[in-house]
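Student: Let the hints inform the model, and build the full structure from the sequences given.
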Amino acid sequence: MEMNARQHKFGMVIDLDKCTGCGACMVACMAENNVPFKVDETNKRDSITWMRVYKLTNGKPYPEADACFLPRPCMHCEGHAGHSPCVSVCPATATDYSSETGVVSQIYTRCFGCRYCMAACPYHARYFNWWDPVWPDGMEKYLSPNVSPRMRGVVEKCSFCYHRYQLAREKAIYEERDEVAEEEYQTACTQACPAGAIVFGDLNNPDHQVARIVQPDAHHHFTGHSKIAFRLLEQLGTNPKVYYLTEREWVRKMCDQYNFGPQAAGH
Amino acid sequence: MFPFNFEWIWDMSHMVFMGGLWYAMTILGIGMTYCLIKAVVDTLQGKGAHH
Amino acid sequence: MSIKDDKAHAVSDAAAGKKGGGTILLFFILGFAASMVLGWVVFPQLLYSTKSQPFDFNHALHNEEVGDCESCHFFRQDGTFSGVPSLAQCTDCHADVLGESQDEAVFVQQYVHPEREVPWRVYSRQPDCVFFSHAAHVIKAKMDCATCHGDIGTSTSLKPYQENRITGYSRDIWGQSIAGFKTHTYDRMKMDDCAQCHEQAVEAARQAEMMDPVTRHFRQEIAPMIYPLDRQAAVGSSVQTQRDACFVCHK
Amino acid sequence: MKLDRRSFLSFVIGGAAGTALTPLPWKLTDDLSIWTQMWPWTPVPPDGAYSYVSTTCTLCPGGCGIQVRLVDKRAVKIEGTPGHPVNDGGICPLGLSGLQLLYGPSRVDGPLKRTAGRGAGRWTPISWDDAIGEVAQKLAALRGDGRPQAVAAISGSGRGTFSALVERFMTVYGSPNLMRPASAADACEMALYRMHGQQAMAGYDLENADFVLSFGSGIIDGWGSPVRMIRARSLWKERKVPLVQVEPCLSNTAAAADRWLAVAPGTEAALALGLAHVILSEGLYDYNFTAFYSAGFEPWRQMVLDGFAPDQVAQITGIQKDVIVDLARQFAKARAGVALWGRGRGTTPGSIDEAMAVHSLNALVGAVNRQGGVWALPEIDYIQWPEAEMDATAANGLQTARLDGAGLEPHADARSLAHRFFTAVAEGKTDPVEALLVFEANPLYTQPDTATVKKALDKIPFIVSFSSLQDETSAYADLILPNHLYLERFEDVAGPAGLNQALIGLTQPVVAPQRRTRHAGDVILALSQGLGTPVADAFPWESFEACLEETLGDDWDALVANGYVARPVSLPHWSSAFGTASGKFEFAGTYRPAPLEGDKGAFPLVLVPYDSMRIAGGTAANTPFMTKTVGDEILKGNDMFVQVNPQTADSLGLREGLYAELSTPRGKARVRIHLTQEVRPGLVAMPRGLGHTAFDPYLAHKGVNVNALLGPVDDPASGLDAAWGIQAKLAKA
Amino acid sequence: MDSALFPKGVKRCPTWQFALWIGAVGIVLLWGVYAMLLCWLKGLNQTNMNDYYGFALWIWADLAVIALGGGAFFTGFLRYIVGKDELKNIINFAVLIGFICYSSALLILAIDIGQPLRGWFIFWHANVHSMLTEVAFCLSCYFGVLTIEYIPLILENRQIDRVPFFHNLAHNMHEVMAVFAATGAFLSFFHQGSLGGVAGVLFGRPFAFREGIFIWPWTFFLFTWSAAAFGPCFTIFLLKITEKITAKKLVKDSTVWLLAKISGWMMLTYIIAKTIDTLYWLTVTAPAAGYGAGFFYDNWFYNFGWLFVEIVVGGFIPALILVSEKGRRSPGLLFLAVLLGVIGVSVNRWVMVLQVMAVPVMPFDTWALYYPSWQEVATTILPVAYGVILVSLSYRYLPVFPNEMELNAAPAQAEAVVDEELPVQAAVARA
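Sequence order for the protein chains is A, B, C, D and E. 893 is the number of the first residue of the first sequence in the numbering used here; add one for each residue after it. 23 is the number of the first residue of the second sequence in the numbering used here; add one for each residue after it. 46 is the number of the first residue of the third sequence in the numbering used here; add one for each residue after it. 2 is the number of the first residue of the fourth sequence in the numbering used here; add one for each residue after it. 267 is the number of the first residue of the fifth sequence in the numbering used here; add one for each residue after it.
To be clear, the hints were calculated from the coordinates, so they are not data collected in a lab. All residues carry an ideal CB built from backbone N, CA and C; glycine is no exception. Worth double-checking, as some hints may not be accurate.
Computed list of lysine-lysine pairs in DSS-like fashion (alpha-carbon distance at most 25 angstroms, straight line) [to be verified]:
#, chain 1, residue 1, chain 2, residue 2
1, A, Lys1063, D, Lys74
2, C, Lys185, A, Lys1063
3, A, Lys1145, D, Lys669
4, A, Lys947, D, Lys238
FRET-style restraints, in silico, Cβ to Cβ [stated by the list, open to error]:
#, chain 1, residue 1, chain 2, residue 2, range
5, A, Asn935, E, Phe570, 27 to 33 angstroms
6, D, Gln372, C, Ala186, 35 to 41 angstroms
7, C, Met188, A, Trp1023, 37 to 43 angstroms
8, A, Trp1023, E, Gln283, 28 to 34 angstroms
9, D, Pro717, E, Asn565, 52 to 58 angstroms
10, D, Asp633, E, Val578, 34 to 40 angstroms
11, E, Asn565, C, Met188, 56 to 62 angstroms
12, E, Asn565, D, Leu33, 40 to 46 angstroms
13, E, Trp531, C, Ile74, 53 to 59 angstroms
Anything over 12 angstroms on all C-beta distances counts as not near chain A; from chain C, calculated [as the list claims (entries may be wrong)]:
#, residue
14, Leu70
15, Cys114
16, Phe126
17, Val153
18, Val157
19, His179
20, Ile184
21, Cys190
22, Leu203
23, Pro205
24, Thr286
25, Arg288
Tutor: What follows is the structure in structure tokens.
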């Protein structure tokens, strides 16, 4: 509860030209956030991966084929005034948009599993616990106390490692500082990425790297100033806080949905 | 649901939506109570005994 | 059964109804009274099982010896709170029996020597989904321990631990009153109780803003136009509830 | 008063009305929902004090620094060490999920003795004393017979103190038969030995290169030290350093490269020489280096000019002539261009000719021992133990020929040829091997042609595995003496693969041993004690930890605190850099394509394995988390997909998702088809690292082990395994 | 045996036959109950739903039965508010069908949620911005209304009616029924609309998203409209089936024709509105989000055929049959029209739930198709079995059809014969 604190807007910039598709972000996220696993995880439609790396291909024949990897965390959409696609549909207020941090939260113990938010999310960033989370005997020892394991029957998703923000804030309070420094609050995927493809920080803070890279334009729906920056499904108006960078035009066209619409020409 | 619930805000949405709902529920409640009480009174007055 | 029989039956039933009015009312009252006793007296007895602590502990005595709460319940360098002391902390003094109490003997024999952590039952243990920052409350908001924990620091022995058979939590979370009433801030520790306090704070801030319309107008209307990226957080950070957002207290 | 139906009804209604006015229904409703929020079968991780321990990851040869987050005494997360010279905070999926190995179901609980047929999976736990006693007895008996050479050992790593300890043990025991699984690093080492005249590792100064030409190296697919390579590649992106990938299929590296040259498989050396041709004929090479510091330049130059003109090379490689010319010019004109070699992750050694051809290309532009080039780094020489005393038995044993033929003609400069060992034993052409000790290796899975390996193991009556995990080889052993896992033990890591620094990393116990395991180093010390003088005398240390501390000497404290020490590298000037007879760099290497195994008529396609960062392909196996990241176009249920070009599939009547039988001269497997334009027509690409049969249900029986379908092909120049694929056939199943 | 419970002056099949019938349907019911218990005890992994199909067969079934159960509110609305007295002959049946549909919907919802024991959070922690909250509240309240409307019918059972209190209660409830019906109509208009809003507000799902007025997307109005149009269709459809099975005429033709006519005009106006909505969405709304029309139907399963079936086969054709006097008076055409109508509205609910999930919003993703598990099918059939049983019981014991006696007054059979004496042969024909 920080009254009149500076309004943060935590966001991410992912450089698709640096991303190698190694999957470290996915595993870092699973390890950080007590994500469960099953014996068979090959049905990707019921496999919980808060951070998922998609493989995009340009569809051209050999040897003109090209591929690109696109890591997809929760976009923490701001929508219009915090009404992201998933937040306003939740009937039990189990998910929420924080105007203080810009994080879309999810309370697992409040969620009763109607899955409306999953229907609402165009990014498939929300996952349902179809099964009880079960760890092989003894393996529950590695579970982190900072993130509560989710029970069967509820929806979960990427939290931008909010617990790290909580811990960083506790430290700041203990040291009687007002603010958490940029490097003090970084998500697990950002920290792990061997390519340094993920940058995380406060989009509202011009000193933060994310803000410097994309320079979100507050007067134009927070689109990035950079020519090579785009947001996934920009046209839907979800106003996501995850920006992507790539020099490859085919990737940008495929992802931001400007290819069909009337504005196909200009971006 | 109720003003003392954490989620409650005194705003237009809550007043219109919950207001409408409580209004409807009140009508149903009062209606049913009326029917029940009247049925008890009628019965005590010996109405409805067949033939 | 013929129609004739039916008619006869109905008439006799109706007659019985008139005669039995008192009986019916009596049974209604009986049922009512029985359920009241069941719900208000028997049910709470059944709902909680009383469990004893591994051994008794005298807060008052320890407080006298070490001087303050912080010696045992302290903040770590990273701002986290240590909570219930670990065995290692106790062993600093209690490597061997110091006093004469039976409880201390139990402690030293059963826990200190085999190096076994004491399985304390914690009255204030919250569900795993709760994130609670002692630093935010004690250091930043300068709250007293007693606001939430009551006067446990001056107690001379541990009260019995009443465990809810369904939820596994201490009765102190719901409160001793089965109806959920409370007189002190520390009587209950449910989400509503956290919310109550937080709401007062949010409300106070809102009032403060209301009192100064110029500042309020500047903050809410003018400033965002000039510095679109440098907005101040609105009072109450949740878009849904206009209060604190979920993740403030949940993990 | 009459107790009738009505009274009862009245009682019930009264009860219901009353109940609604008590807390009972409401409290029960609330408590039941709290119960669902706290189901007793959902674990609650205990909280505590947070701390970090710095150590080194040994799950691959990359040598990344890791720091393990602890909550009280529980390890809860592995993270990369910020500022570490190798990985600077970055970390790979395998390294991240190490705790799943530590606490996982694959761990061997304690010493186990086989009670039924090999591989039947029936074991009885025995005490450590009995286990060590049994091994010591067996070894003592063979030594007593005067046949110490009948004991063979395989050690996963060739470097570090533990490896030295094993080597010392085998030496004083009297057996020359110590092998390690070969990789591209061995071929590279051998190439450097021939061209530089020194025993050295190749270090690549990639951070300072300004043009990178990779001959099939999976730069971001696990080649070298994987995290460091990925970091280097990001650096190139930032500095606009071009990366050109020469590879038949669109690997992740090829997709990430600025330019992908879809070369005909197996003709990479020809392309290297074609580039050399352009550089030579256009005079773009480093005159200073070739003229003053190299030997054999003229004949090599003549060989290149005669046989590798761009249009000839275009014929061989399928790369257009002007592309070759253009690329050669760019490479030569770069200030610090460097060419890399070693297919994919470098799991198999490959042709040493090819290695030398690529290295010659580097030499041609003077990229040897130069900033941004290739450096020959001698091993860090900190293991300084007094020479061990040997008795006659040991001396006689060591006189016998190595069973794998390494060090003997025609492979005099080979140090270990593991694949030949298994083939020789399986074929029964050698003196019998009576006992095999396996340290940190899993040959039954990682060696090509696993059927032959199994046949070889069948002929060895006594196999002892020291594996911490229930891998395929330990499942086939007679005794398992489980080592601590890397997070529970001390170990040193010398010089991560391909690094341009001299670095020693320390692995140290982060948590107490989770199972009844013992450090394999301590077990060797105990075994040597069991064997008595003179073997015991060679091991004066009380414990492995003591040995390690003594060996590392002054560095010990810094290692314990930071997890690593880095030593400066001073590059010798060209005039003193080479240890060859001429004292100069020797140009060598040509294009001598080794034919793939199998008849092209019966097996018209070519099977090539590919590597992925999401699948651990070596001794370490996939963790549940990693398997979770594997796409459903690779693995679906237990079925594995092979990737083929639609053109290839069309000709065989195969469609997406169909089951097919993939057969090679070495075996066959049931697979499914995934069509992709990323694979060259005529090739069948298959991931390396699946198809485990041991470990745990989260890993076992998922997919097919590519090594079961591949066979080794001896490189005539080195004796190492030069196979990069095998002829194959794909038919509808 | 149970003849004393029959409504006055009507004929029913023998008890054994009825028991056999209930037993047979009961087996299906038990199968559904078994599947339901599996879902509750083992969790939703028993279904074939997945993270792409969070909403699947059940939500479709929910939306469909609520649309089909719309006959209750709309007939009630016409009867009590508009004052079409003629409809009193069918209102009981409409209420019964509505009661079945709504109780089924609530049951399915209770199975469908991941945490049934926390289901009450939707009320307690209500988020008023969510269409689903509105649905939950109005649905449960309207279910209460239907119960209130259904209770007098139960109280009118010949034996219950003899108890003075119950007789009086039924009488009093009838007196104020218009108030209940009006409240019900109010609630119904909203929750039918909210169900449309459930899909229509999903601005992240360009297949579902519709613009609209204030907080309501066009689907909000279209759903209410379609429920009003197609609900009565379903009532007539079930009436015709019941008449077929019982071999009796139960409702006067004039009543059916009136309802069919109103339904027909509602349908015609609805389907025109729906067509306009579809065209606007395909040419304006969806392209604005970056999607062309072809994108949504570019699949072997989900193709333009669905649109044709929904709008032409299940929309215009039945509407035109019903608005024409000739059409609705021909028993064959009438039945065809109500059948097509039922199919049409079910298809509409299907695409608004399942195709929404199937369309790959991220262009690099693939179409997601799914087929339900047997547990999902069984739990979806469960309400059907339950409905059949409730209709059978109500028909047998309650005066559902006020005109039944009058319409089936066979002069040969005197009132005295009503009960046990009924010949077995005749009963077989009437079962």
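Student: Give a verdict on every hint.
Tutor: Consistency of the hints with the structure:
Proximity of Lys1063(A) to Lys74(D) is assessed by CA-CA distance (about 21 angstroms); at most 25 angstroms being required, the pair is judged to hold. Among the hinted pairs, Lys185(C) with Lys1063(A) is consistent with the structure: their alpha-carbon atoms are about 11 angstroms apart, no more than 25 angstroms. Of the supplied pair hints, the one linking Lys1145(A) and Lys669(D) is violated, its CA atoms being roughly 43 angstroms apart against a limit of 25 angstroms. The straight-line distance between the Cα atoms of Lys947(A) and Lys238(D) is roughly 20 angstroms, inside the 25 angstroms bound, and the hint therefore holds.
Checked against the hint of 27 to 33 angstroms, the C-beta distance between Asn935(A) and Phe570(E) comes to roughly 30 angstroms, which is consistent with it. For the hinted restraint 35 to 41 angstroms between Gln372(D) and Ala186(C), the CB-CB distance of approximately 57 angstroms leaves it violated. Separation of Met188(C) from Trp1023(A) is about 41 angstroms and conforms to the stated range, judged on CB atoms against 37 to 43 angstroms. Distance hint check for Trp1023(A) and Gln283(E): the Cβ-Cβ separation is about 46 angstroms, which falls outside the suggested range of 28 to 34 angstroms.
In this structure the supplied range 52 to 58 angstroms holds for Pro717(D) paired with Asn565(E), their Cβ-Cβ distance being about 56 angstroms. About 38 angstroms separates the C-beta atoms of Asp633(D) and Val578(E), a value consistent with the hinted range of 34 to 40 angstroms. The supplied range of 56 to 62 angstroms is met by Asn565(E) and Met188(C), whose beta-carbon atoms lie about 59 angstroms from each other. Range check, Asn565(E) to Leu33(D): about 43 angstroms between beta-carbon atoms, so the 40 to 46 angstroms window is met.
About 57 angstroms separates the C-beta atoms of Trp531(E) and Ile74(C), a value consistent with the hinted range of 53 to 59 angstroms. With a minimum CB-CB distance of about 42 angstroms to chain A, Leu70(C) clears the 12 angstroms threshold, and the non-interface call stands. Its beta-carbon lying about 16 angstroms from the closest one in chain A, Cys114(C) satisfies the requirement of being farther than 12 angstroms from that chain. At roughly 8 angstroms, the least C-beta separation between Phe126(C) and chain A is not larger than 12 angstroms, which violates its mark as non-interface.
For Val153(C), the shortest C-beta to C-beta distance to chain A comes to about 29 angstroms, beyond the 12 angstroms cut-off, and the non-interface label holds. Every beta carbon of chain A lies more than 12 angstroms from that of Val157(C), the smallest distance being close to 25 angstroms; the non-interface claim holds. For His179(C), the condition that its CB be more than 12 angstroms from all CB atoms of chain A is violated, with the nearest at approximately 8 angstroms. Residue placement check: Ile184(C) does not keep its beta carbon more than 12 angstroms from all beta carbons of chain A (closest about 5 angstroms).
The Cβ of Cys190(C) sits about 17 angstroms from the closest Cβ of chain A, beyond the 12 angstroms cut-off, so the non-interface label holds. Non-interface call for Leu203(C) relative to chain A: holds, since the shortest CB-CB distance, roughly 25 angstroms, exceeds 12 angstroms. The claim that Pro205(C) lies off the interface holds: its Cβ sits roughly 28 angstroms from the closest Cβ of chain A, which is beyond the 12 angstroms cut-off. For Thr286(C), the shortest C-beta to C-beta distance to chain A comes to about 7 angstroms, within the 12 angstroms cut-off, and the non-interface label is violated.
Distance check on Arg288(C): its Cβ comes as close as 9 angstroms (rounded) to a Cβ of chain A, failing to clear the 12 angstroms threshold; non-interface status is violated.
In summary, the structure is inconsistent with hints 3, 6, 8, 16, 19, 20, 24, 25 from the numbered list given earlier, while agreeing with the others.
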